[in-house]
Amino acid sequence: MAVSAAKTRKQLLNQKDEFVTLSARALTFVASHWRPFLFALLFILIVGAAFGAYNLYSNRQERQAALALFQARALY
378 MAVSAAKTRK
388 QLLNQKDEFV
398 TLSARALTFV
408 ASHWRPFLFA
418 LLFILIVGAA
428 FGAYNLYSNR
438 QERQAALALF
448 QARALY
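Taking this note's numbering, the leading residue of the sequence shown gets 378, the next gets one more, and so forth.
Fair warning: there could be bad hints in the mix.
[Said to hold, decoys possible] Quick list of the computed label-pair ranges, beta carbon to beta carbon:
hint, residue 1, residue 2, range
1, 453, 429, 28 to 38 Å
2, 436, 414, 30 to 40 Å
3, 399, 436, 38 to 48 Å
4, 387, 424, 47 to 57 Å
5, 421, 445, 29 to 39 Å
6, 388, 427, 53 to 63 Å
7, 429, 406, 30 to 40 Å
8, 419, 390, 37 to 47 Å
9, 415, 442, 33 to 43 Å
10, 395, 438, 48 to 58 Å
11, 421, 398, 22 to 32 Å
12, 410, 435, 30 to 40 Å
None of these hints come from the bench; they were simulated from the model.
Even glycine gets a Cβ: it sits at the ideal position worked out from N, Cα and C.
Work out the full structure: start from the sequences and follow the hints.
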């Protein structure tokens, strides 16, 4: 009778799950260093808001310039 070299399902279930171990360590690290993560999140939000505000301003200026050009061409 040949002995199977592969691990049985029971042996695999008794081992620690790599994803659970890594995620638990990551959550522990984030919980112990929450302030830098909070500051990084706030920084990302502020940069995103600044980019959005610049985008709105730029689009508004472009619309006004296009309207002025259209009106100038209509007079010409």
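Results of checking the hints against the structure:
1. Residue 453 and residue 429 have their C-beta atoms about 36 Å apart, which keeps the hinted 28 to 38 Å range intact.
2. The hint said 30 to 40 Å for the Cβ distance between residue 436 and residue 414, and at roughly 33 Å that hint holds.
3. One distance hint, 38 to 48 Å for the beta-carbon pair residue 399 and residue 436, holds here, with the actual separation near 43 Å.
4. Restraint check, residue 387 to residue 424: a C-beta distance of roughly 51 Å satisfies the suggested window 47 to 57 Å.
5. A beta carbon spacing of about 36 Å between residue 421 and residue 445 agrees with the range 29 to 39 Å that was offered as a hint.
6. One distance hint, 53 to 63 Å for the beta-carbon pair residue 388 and residue 427, holds here, with the actual separation near 55 Å.
7. Taken as a hint, the range 30 to 40 Å holds for the pair residue 429 and residue 406, whose Cβ atoms sit roughly 31 Å apart.
8. Distance hint check: the CB atoms of residue 419 and residue 390 are about 42 Å apart, consistent with the given range 37 to 47 Å.
9. In this structure the supplied range 33 to 43 Å holds for residue 415 paired with residue 442, their Cβ-Cβ distance being about 41 Å.
10. The hinted range of 48 to 58 Å is satisfied by residue 395 and residue 438, whose Cβ atoms lie roughly 53 Å apart.
11. Take residue 421 and residue 398: their Cβ atoms lie about 28 Å apart, and the range 22 to 32 Å holds.
12. Range check, residue 410 to residue 435: about 37 Å between beta-carbon atoms, so the 30 to 40 Å window is met.
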